[in-house]
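Kindly generate the complete structure, drawing on both the sequences and the hints.
Numbering that gives the first Met the number 0 numbers the first residue of the sequence shown as 0 and each following residue consecutively.
Hints are not guaranteed to be accurate.
In silico lysine-lysine, DSSO-like type, Cα no more than 27 Å apart, as pairs [claimed, not checked]:
1. K299 x K271
2. K271 x K199
3. K130 x K113
4. K366 x K376
5. K199 x K222
6. K262 x K302
7. K272 x K222
Label-pair ranges, simulated between beta-carbon atoms [unchecked claim]:
8. S49 x D69: 27 to 33 Å
9. E347 x H192: 53 to 59 Å
10. F148 x Q309: 20 to 26 Å
11. D259 x K162: 33 to 39 Å
12. N344 x I371: 35 to 41 Å
Please keep in mind that the hints were generated in silico from the structure rather than gathered at the bench.
Beta carbons are placed, not taken as given, at the ideal position from N, Cα and C, and that holds for glycine.
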Amino acid sequence: MNEIKCPNCGTVFQIDEKDYTNILKQIRDKEFEKELLLREAEFKKDKENSIMLIESKAKNKLIEEVSKKDLEINELKLNIKNIKENTKSKIENEYLEKLQEKELKLKELESKIKLIESNNKLEIKDAIILKEKEIDTLNNKIEINKNEFLLKEKNLKESYEEKIKNKDEQIAYYKDFKARQSTKMIGESLELHCNNEFNKLRPLFKNAYFEKDNEVSKATGSKGDFIFRDFDDDNTEIVSIMFEMKNEADETATKHKNEDFLKELDKDRKEKKCEYAVLVSLLEIDNDFYNTGIVDMSHKYEKMYVIRPQFFIPLITLIRGIAINSLEYKKELQIIQNQNIDISNFEENMNNFKEGFSRNYRLASEKFKKAIDEIDKTIDHLQKTKDALLSSENNLRLANNKAEDLTIKKLTRNSETMQKLFEEEQNKNTN
0 MNEIKCPNCG
10 TVFQIDEKDY
20 TNILKQIRDK
30 EFEKELLLRE
40 AEFKKDKENS
50 IMLIESKAKN
60 KLIEEVSKKD
70 LEINELKLNI
80 KNIKENTKSK
90 IENEYLEKLQ
100 EKELKLKELE
110 SKIKLIESNN
120 KLEIKDAIIL
130 KEKEIDTLNN
140 KIEINKNEFL
150 LKEKNLKESY
160 EEKIKNKDEQ
170 IAYYKDFKAR
180 QSTKMIGESL
190 ELHCNNEFNK
200 LRPLFKNAYF
210 EKDNEVSKAT
220 GSKGDFIFRD
230 FDDDNTEIVS
240 IMFEMKNEAD
250 ETATKHKNED
260 FLKELDKDRK
270 EKKCEYAVLV
280 SLLEIDNDFY
290 NTGIVDMSHK
300 YEKMYVIRPQ
310 FFIPLITLIR
320 GIAINSLEYK
330 KELQIIQNQN
340 IDISNFEENM
350 NNFKEGFSRN
360 YRLASEKFKK
370 AIDEIDKTID
380 HLQKTKDALL
390 SSENNLRLAN
400 NKAEDLTIKK
410 LTRNSETMQK
420 LFEEEQNKNT
430 N
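Written as C-alpha cells, this is what we have:
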C-alpha cells in the first residue's frame with residue numbers, strides 16, 4: 000500500500016499499487032503534453048525565423064546578380080553598336096569597289112556575246128544543212144525497216160495461226176477425254192494431279208502428313224479429300240489444312256459453283272480439327288474472280304481459300320511459311336497459358352484451403368463455445384453443490400453442538416417419570 004498526502008488539507012490516503020501507478024501516469028502524461036506543446040511552439044517560431052532569414056539572403060543575392068547582369072548587358076550593347084558602325088562603313092567601301100568591277104566585266108561580256116552570236120549564226124546554218132542530209136538518210140532506212148516489219152508481221156501471223164490450230168486440236172482432245180470420263184474419274188483425275196504435285200516435292204516436307212481423308216464425319220456424314228498436317232522436330236503441329244478437290248465435265252447439265260461446297264468444307268475442317276480449309280477447283284472456269292490467283296474467302300468462312308490447281312503447292316508453302324514464323328509465338332503463348340493455369344490452380348487450391356480452414360475454424364469455434372457453456376453450467380452446478388454442502392456442514396455443526404449440550408437433566412427436565420427412573424437407577428449403581 001502507498002500513502003498520498005493532500006497538499007491542501009493534509010489528509011493522508013492509502014491506495015494500492017495499481018491506483019498509485021495510474022495517478023503517476025496521468026501526472027507524467029499531462030506534464031509531457033504541456034512540455035511537448037511548448038517545444039512545438041518554439042520549434043515553429045525558430046523555423047519561421049530561419050525561413051525569413053534565408054529568404055532575405057536569397058533576395059539580396061538575387062538583387063546583386065541582377066545588377067551585375069545589367070552592367071554586362073549595357074557593356075555588350077555598347078560594343079555591338081561600335082562594331083556595327085565600323086562594319087557598315089567597311090562594307091559600303093567594299094561594295095562600291097565590287098560594283099565598279101562588275102560594270103567592267105559586264106561590258107567585256109557584252110562584246111563577247113556579240114562575237115559569239117555572229118559565230119553561232121554560221122554554225123547553225125552549217126548544222127541545218129547537215130541535219131537535212133541525216134533526215135534523208137533516216138527516211139531511206141525507215142522505208143527499208145517498214146518492208147522488213149511487214150515481212151516479220153506476216154511470218155508471226157502465220158506462226159500464231161499454227162499455234163492456235165494446235166491449241167484447238169488440244170482442246171478438242173481434252174473435251175473428248177472428259178466426255179469419256181465418268182463423274183468419279185473426273186474427280187479422281189484432279190486428286191491424282193494434286194497428289195502427284197505434292198509427292199514431287201515430298202523431300203521438302205520431311206515431317207508432313209498428306210493423305211486422303213477416309214474417315215466419314217458422324218456429325219455431318221461427309222469427309223474431305225485430303226488432309227495436310229506438318230510438324231516440327233519436336234512433333235509439335237505447325238499447320239493443318241483440309242483440302243477439297245472439285246472438277247466438272249463440260250457437258251454437265253447442272254453447273255455447280257464454288258460457293259456451293261464452302262459450307263460443307265468448313266464443317267469438315269472443324270470436325271477434323273484443321274486450321275485451314277482449301278477448295279482446289281476447276282468449277283466456273285470462265286470466272287475471272289477465281290482465275291487471277293489465290294482467292295481469300297475468310298470474310299464468309301474462317302481461314303478459307305479457293306484456288307486453281309496450279310496454285311496448290313504455292314499455297315501450301317505460303318501457309319506453312321506463315322505458320323513456321325508464328326510457331327515460336329504459339330509456343331510462348333502456350334507456356335504463358337500453362338503458367339496462368341498453374342496460377343489458377345494454385346489460387347483455387349489456396350481458396351479451397353481457406354474455405355476448409357474457415358469451416359474447420361467455425362466448427363471448432365462453435366464446439367469451443369459449446370464446451371465453455373457446458374463448463375459454465377458445470378461450474379454453476381458445482382457452486383450450487385458447494386453451497387448445499389456448506390449448508391449441510393453448518394447444520395451438522397449445529398446438530399453436533401446440540402448433541403454436545405445434551406444432558407440427562409435437560410432430557411428429564413419436564414418428565415417426572417423419567418426423573419424418578421434415573422434417580423432409582425443411580426441409587427442402584429451407588430449401592
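Item checked: Restraint check for K262 with K302, where alpha carbons must lie at most 27 Å apart -> holds, 12 Å
Item checked: Status of the given 53 to 59 Å range, CB of H192 versus CB of E347 -> holds, 54 Å
Note to self: Please verify whether K199 and K222 have alpha carbons no more than 27 Å apart.
What the structure shows: holds, 25 Å
Checklist line | Supplied distance hint 27 to 33 Å, evaluated on CB atoms of S49 and D69 | finding: This hint holds: roughly 31 Å between Cβ atoms.
Notebook entry, point to check: Is it true that the C-beta distance of N344 to I371 lies inside 35 to 41 Å, as the hint says?
Noted result: At roughly 40 Å between Cβ atoms, I371 and N344 fall inside 35 to 41 Å, so the hint holds.
Note to self: Next pair to validate is K299 with K271; report whether the Cα-Cα distance is within 27 Å.
What the structure shows: This hinted pair holds, its Cα atoms lying about 19 Å apart.
Next item on the list: Using the Cβ atoms, figure out if F148 sits within 20 to 26 Å of Q309.
Entry: violated, 36 Å
Checklist line | D259 paired with K162, Cβ distance criterion 33 to 39 Å | finding: holds, 36 Å
Notebook entry, point to check: Is K272 close enough to K222, meaning Cα to Cα at most 27 Å?
Noted result: holds, 12 Å
Check: Given the proposed pairing of K271 with K199, does the C-alpha separation stay at or below 27 Å?
Finding: With a Cα-Cα distance of about 26 Å, the restraint between K271 and K199 holds, given a limit of 27 Å.
Check: K366 and K376: Cα distance at most 27 Å?
Finding: Holds. K366 to K376 sits at ~15 Å (cutoff 27 Å).
Next item on the list: Verify the proposed pairing of K130 with K113, using a straight-line Cα cut of 27 Å.
Entry: OK: K130 and K113 at ~26 Å, within 27 Å.
Checked against the numbered hints above, the structure breaks only hint 10 and satisfies the rest.
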